[in-house]
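Asker: On the provided structure of chain A, position chains B, C, D, E and F as indicated by the hints.
Protein chains in written order, with my numbering: chain A, 22 to 347; chain B, 22 to 347; chain C, 22 to 347; chain D, 22 to 347; chain E, 22 to 347; chain F, 22 to 347.
Since the hints were made in silico from the structure, they are not lab data. Among the hints, a few may not be true.
Repeated chains share a single entry, so a pair holds when one copy, or any two copies, can fit it.
[To be verified] Pairs of lysine-lysine residues, derived as DSS-like cross-links and limited to a Cα-Cα distance of at most 25 angstroms, are as follows:
hint, residue 1, residue 2
1, K344, K276
2, K344, K228
3, K237, K206
4, K206, K336
5, K193, K129
6, K137, K175
Number of protein chains: 6
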Amino acid sequence: MYDVVTFGEAMLRLAPPDFLRLEQTNSFDVTIGGSELNSAVGVSRLGLKTAWVSSLPRSPLGRMVANKGREHGVDVSNIFWVDEGRVGVYFLEFGATPRASQVIYDRKDSAISRLKPGNVKWDKILDGTRLFHTSGITPALSESCAEATVEAVKMAKEMGCKISFDLNYRKKLWSPEKARECFAKIFDKVDILITTQFDTEDVYGMKGAYEEVAQKLRDSFGFSTVALTLREVPTVLTGTWSSMVLDGKTFLRGKTYPLEIIDRVGTGDAYTAGFIYGYLTGDIRKAIDYGDALAALCHSVPGDFSWFTEEEVTKQIRATDFKIQR
Amino acid sequence: MYDVVTFGEAMLRLAPPDFLRLEQTNSFDVTIGGSELNSAVGVSRLGLKTAWVSSLPRSPLGRMVANKGREHGVDVSNIFWVDEGRVGVYFLEFGATPRASQVIYDRKDSAISRLKPGNVKWDKILDGTRLFHTSGITPALSESCAEATVEAVKMAKEMGCKISFDLNYRKKLWSPEKARECFAKIFDKVDILITTQFDTEDVYGMKGAYEEVAQKLRDSFGFSTVALTLREVPTVLTGTWSSMVLDGKTFLRGKTYPLEIIDRVGTGDAYTAGFIYGYLTGDIRKAIDYGDALAALCHSVPGDFSWFTEEEVTKQIRATDFKIQR
Amino acid sequence: MYDVVTFGEAMLRLAPPDFLRLEQTNSFDVTIGGSELNSAVGVSRLGLKTAWVSSLPRSPLGRMVANKGREHGVDVSNIFWVDEGRVGVYFLEFGATPRASQVIYDRKDSAISRLKPGNVKWDKILDGTRLFHTSGITPALSESCAEATVEAVKMAKEMGCKISFDLNYRKKLWSPEKARECFAKIFDKVDILITTQFDTEDVYGMKGAYEEVAQKLRDSFGFSTVALTLREVPTVLTGTWSSMVLDGKTFLRGKTYPLEIIDRVGTGDAYTAGFIYGYLTGDIRKAIDYGDALAALCHSVPGDFSWFTEEEVTKQIRATDFKIQR
Amino acid sequence: MYDVVTFGEAMLRLAPPDFLRLEQTNSFDVTIGGSELNSAVGVSRLGLKTAWVSSLPRSPLGRMVANKGREHGVDVSNIFWVDEGRVGVYFLEFGATPRASQVIYDRKDSAISRLKPGNVKWDKILDGTRLFHTSGITPALSESCAEATVEAVKMAKEMGCKISFDLNYRKKLWSPEKARECFAKIFDKVDILITTQFDTEDVYGMKGAYEEVAQKLRDSFGFSTVALTLREVPTVLTGTWSSMVLDGKTFLRGKTYPLEIIDRVGTGDAYTAGFIYGYLTGDIRKAIDYGDALAALCHSVPGDFSWFTEEEVTKQIRATDFKIQR
Amino acid sequence: MYDVVTFGEAMLRLAPPDFLRLEQTNSFDVTIGGSELNSAVGVSRLGLKTAWVSSLPRSPLGRMVANKGREHGVDVSNIFWVDEGRVGVYFLEFGATPRASQVIYDRKDSAISRLKPGNVKWDKILDGTRLFHTSGITPALSESCAEATVEAVKMAKEMGCKISFDLNYRKKLWSPEKARECFAKIFDKVDILITTQFDTEDVYGMKGAYEEVAQKLRDSFGFSTVALTLREVPTVLTGTWSSMVLDGKTFLRGKTYPLEIIDRVGTGDAYTAGFIYGYLTGDIRKAIDYGDALAALCHSVPGDFSWFTEEEVTKQIRATDFKIQR
Amino acid sequence: MYDVVTFGEAMLRLAPPDFLRLEQTNSFDVTIGGSELNSAVGVSRLGLKTAWVSSLPRSPLGRMVANKGREHGVDVSNIFWVDEGRVGVYFLEFGATPRASQVIYDRKDSAISRLKPGNVKWDKILDGTRLFHTSGITPALSESCAEATVEAVKMAKEMGCKISFDLNYRKKLWSPEKARECFAKIFDKVDILITTQFDTEDVYGMKGAYEEVAQKLRDSFGFSTVALTLREVPTVLTGTWSSMVLDGKTFLRGKTYPLEIIDRVGTGDAYTAGFIYGYLTGDIRKAIDYGDALAALCHSVPGDFSWFTEEEVTKQIRATDFKIQR
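Extracted from the complex, chain A is given alone in its bound form (with noise of 0.2 angstroms):
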């Protein structure tokens, strides 16, 4: 009887500090992320009832990412629990201008890798769950995972859940006809598809602006709502957050954020969290300034979650100046 059931990997991330290269460091601050698990953490703290589906390994750093979930409220019970495989590690470099970040994956054999369809019991998760959230990065981790990824997504859609999902392409996972192949399978049972002009460039070829893209993944896949956001960042450090969807026939803009980037990694899942915790407790135009807002505030926090509560996220979408706040 979740709000939200959102199904992914997640990782240990393993960042420098202050702006040290990769190669250079002699510490690395250690967080937990990944793109459902992040989603999931925004929508709990948030006020809804969440849970995060994956499978861990039983060791420190499986306990570790259990836990980081638990913190803020997500639901972790449904974690399927194994003896083999690692926790995915990903290496994370801060960099300023003209250095661009950078990330790197060490993610192969990670124990969600190895799930395969049957290991999650979906039809008790999902009972009475009003919202079901994956990306693009579970079905590219392994085969399996694919499969396990069309199994959760039929599941949700018979249990009448809404199912979002974004594209999140990863192109070190696989390429673009495996993931074509891959999303056929489950376009048309989802709702809400939430991606980038990028991303729809490198798996659909689909170009032009912003309208024009989303107009073309409703044709194409049916989709009831399109989200496209963009991160306009003319340096490493600044930059701009701003969010289009297209509901139905209509299309609504939000804000545009400015930036002073502290940590952007996790802020397109922010987005998803604020997104699709304003669409079940609201409507599009909700939805689309929760998402923004959300988004844009994430840039602002070290790690890949958004540590911000109901009442801030409101208040920042009426905030007009950037006083201290006493």
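Answerer: Showing chains B, C, D, E and F alone in chain A's frame:
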């Protein structure tokens, strides 16, 4: 026989490092801060004989507060040491656009909030002192603090000190009515008022341009000198600093300093320090020049205090570029 | 329907790193601690369904406290959230021979100190719960907390819970007279008393050998089970841990563990956690074995909490050497 | 034309600071370690010309591993750089009595595990080299590594190198049967065997006193020299180090060093380094003296490497007290 | 048989973290820096065989300096090790607008300042070397260093090396007169001069546009190639990098790079490294491209060194955006 | 009108954290230390009016040194500020058995080493002062420092001060001959000599038991009081502290304190501070009690200074166990 005596509270300041949110942090950077101590430190470092009057508990934290003033040459021998009452604490979270920085106070029941008229030997302390300074925070701490502030200001007037006052309105501590009521008892004795348009509007509802507000203040209360400071912050981490002074009937403007903001807390107190230093060692022109330069510089240094020497401020006033100094 | 419910205060714990004195430090390591939360975390990690009841302010620090319990699976949904009252703070200075470690509390006026009978829905929370635990700290926080504690213990008895109680006498919070007066109202309902010879002497003037003291306690108050713990610390950084239990008329002794002490705060609460876990999943023999092992292990870990799994504790009980584990 | 060439894996070592548990940490100290690189570093620092042979991926982490060897003068020009395969990782948790320290390996699929016979130009590398060293870890990494190890040892023998071998049995990597099978192919070429009673018992079931075990090893495999090291650790943080050598038919004992253990990982490799250095620049007496002193010293230094100079080790061998050196 | 040999001092660099002022800090970040070592490291990392010549004391700090060069593959076997003389130190304070960054040198009486002609075996070192590089700092260190520099440059010319020279005028070390006097002895042997308009004006009083200054330098001293670098810093933390080269009679301009400045010390030396690399592996066009790119990138990395690979610099030259690299 | 005036050098102390070797570290913890400043700080904290006389350069580091004395209430208004000369530095490496801790001095050419007779206004400073203290380090710094020390001691005698002197022989600074020659000029004016058997043997070749050595010293030089301190360190991190005093013809022994050693540098100076405090506020019995207690406590605190209050030392003298203090 001090050049300057200031009176007020200082607190333990606890701030997460590296833009972490309060809820998220695993450590706090510890410094000491409080408006009137900040100003005393600034003045002492510029070369004047300075004392800070307050009340502190006999404890490691109480000693830490006194130590940190003494480190900069501030005389702390007039502190009223007590067995009851806490050291106040404030939590500071550094933001980045669009997340504003945030201060949370936990200062209730501090030692100074229990201070009463008669606890401090003002006649001895202020004998031969040239200038007495306090701010609107001190009387806001408690009823007895308000009385103790009035006592101090009266005594300063009797002893022939110049009196400067920073309006420093804190709405979480008292209402505009209470503030006005208290200020009414002391403003006829104040020579120099330092404030901002925000505070003036909050307390007195005065609106309008710089010049108008300054003139209204002078006309209403008879201050010889009114200084209005302005920090413009288009983003959380960048901005400009400037100030305007109405001295008698003359308006003066200082330089407008561009800012890359490392830590903006305490910069208003640095202005006061620079202003008082210039005022006592030169004239109003020197006051505004040193006030602006010290305030601007203080934005670049972690902590409330302004760690600058007279030589450095003088050099900054004449500086024309930002090349590294070897 | 919990296995264990605990009730009490948790605080922000601020500790200088690297043996620095409080007066000397430039940073604090931040963790969360409080006797009953510490025990709840320990029990939850060992695998039982556990809830912690308390009161916290709606603030980043209040949320941090709840988060840190939730991180370990402790249910925090029964916390009484309020707008007034602080999060209590305690400062911990680590010593080395001959300097003893030192704790300074700044917990006055905390949210929980304002808790009143009626604020907590005990009937709902304790319905089906197997064991209720609190300690002598909770009623010592304020008059209304004492009443709320009596209310909770009575309700637990009515709902058929086993009740365990750690005497935990804090002389800075109340006098022996006050403590005895309060305990008189609840000790007839307590099944398991956990305490030390020091506390027993301080509150009841009972002196003598382990066995005598335990028997006096049982005879005076009718506890089914009395556990006495003993930490011997010939130096600040080394010592031994052991305990003795009088169960009905039977005396049991556990292993004596050698200790290299990294952080001794919270180890008594770890004993309680291990004891309760063993008691609810086995018998008194298991209770003392898990209590001793978890308490001993907890000395080696920074922070109040006992970061161990059931598997690790079981392994420790059987361990025979200190070789590195690969 | 090296004095010493070693062959094996080196990993990223990630260790929580300040006795934090792995599950609990927010940062990792990053160093590099691996048995044969550790020994190469030790030997190089003592003044001999040393090379380390391995395989690493072309990545920041791969470069970091090579850098850290090169920092100490180890020649890394013979590394086999590849595009596939990870840098192995090991997680190290420091314990304190009664909690043992713990190592968790995440080394599967490392670049070196894919190394095959023929990848390394042994004929060129070993030409003129005086001593070749590897350990039982290298062949345990994979089938192809086992073959590559046999290839290297054979070539070393052909090229006229002395060969030393540390048994270093890792039960998580292979079974005693597999180990024995592999060792059978190379032990007739090994001159110096370095091991412990634990490893000998695990692999060969040999039990008994020092002397017996050493003699059995020599009798079974024909080693010229057998060194057995002994670390006694009555507590996690204190202990003693000593070793015994059977050289031909002569038994030698070194000093027994008392230890305050800061970091025991890599100390066996430091023994190997000191032993080889003494062996190549003196005799067996010098070998055991430098082996013991360097191993003992290495317990006091964070990280796997032994950061000591020839002069310091010589001085330690003669040291009689622990006064501060000014 | 090196591609590049550089000659000069390297120091311990001590820098407060997090924008703390020198007077305020409780810790220093420790790295190694020195113009000619910085350039050697940059060149070595790009793939050329490089040696650095200097003098260091036999001490942990002396070894640290050599280690850090060796870590990047720089040959340090030609260092002149001595028993007398210190490792020089420089203190670096990072500023933010309007506070400029600041360097304080404590390098007097360093080992290299005592170096005399004859101490270094130049004939052996430079035999077969393609390019010799030093800067105006080396002869400024002492009278004997000036002589040793002249000796080295003469020998380099005799051995047929190309010679590059960075004017690097340090007014705290010597006067313009002294500098001109020394340069007069070596400029006829220098092929490539690298400098800035500031230094040229300080030493030679040459003013004017880029092109004029370059032409004057070529006309006065007969350099084949003159490179002028320009860092524009409208604020302390942002700016642009560009350079201009006069090669024979041809003027070349490179890209203008926007900069978010993390650490600008050593970036001029990175330019030299990139320039030399491009020059020796391509032509002047490649020299300016690699010089500019490496210099710009180096602004984003803490420490004096340029931690980049040939592949990364090449990629940067072609980069068009600042998106995160996954 | 001071109770105590001390005279000597203070340095920047740079120490790697966490037992890292100097050659290995990436950061230094920065504190200030110097025998006579250490003692001044200790005395001031115990409640006496104290001044420290030295010479420092006008620089951030010079100011830092003065600040850190002033932080503890030491009067630094008599420092001779100069434009030439460095702040001395010492590097401290913490060891663990069998690696001894190590100090490397880089103090040559410090500001104070250039101090000459006449630079300090001793007549004004010592007027009304009760006790003057210096140590054998001060005259060892340079010829002119030796003269300045003789000048100061003579003036102290003339002004009627008690004079205490810590032999503090530093063999790297001067020879026994030089030391004896200098001491011969001042020992007839010294009332209290504080030293160790090691130093006495090094300088005067005096051997034998405590009592013999003390008596020889008194007989040779006529001191009223001789204090010999003894630190026994069976391991690097544990030991005991005790002292013996010959006062006139009476021998006194203090308590023997067990020690867990966090930082032993400065503990001898803490003894001096406690001794002087007890001597000036009580008698020789009090002197030895406070000397021993403060010295023992100081071993548990990072840094040279003794961060204790009179109340804490008094409590320690009476302490009987090492339980945590709440």
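Asker: Classify it for me, K344 with K228: is the Cα-Cα distance of at most 25 angstroms met within a copy, between copies, both or neither?
Answerer: between (40 angstroms within a copy, 19 angstroms between copies)
Asker: Is it within, between, both or neither when you check K193 against K129 at 25 angstroms Cα-Cα?
Answerer: Cα proximity of K193 and K129: in one copy and across copies (11 angstroms, 20 angstroms).
Asker: Under a CA distance limit of 25 angstroms, which applies to K206 and K336: within one copy, between copies, both, or neither?
Answerer: Classified as neither: same-chain Cα gap 41 angstroms, cross-chain 38 angstroms, threshold 25 angstroms.
Asker: Tell me, please, which holds for K237 and K206 at an alpha-carbon limit of 25 angstroms: within, between, both or neither?
Answerer: within (18 angstroms within a copy, 65 angstroms between copies)
Asker: First find the shortest C-alpha distance between K137 and K175 inside one copy, then the shortest across copies, and answer within, between, both or neither for a cut-off of 25 angstroms.
Answerer: within (15 angstroms within a copy, 45 angstroms between copies)
Asker: Please sort K344 with K276 into within, between, both or neither, judging by C-alpha distance up to 25 angstroms.
Answerer: For K344 and K276, both the intra-copy (19 angstroms) and inter-copy (22 angstroms) Cα distances are at most 25 angstroms.
Consistency with the previously given hints fails for number 4 only.
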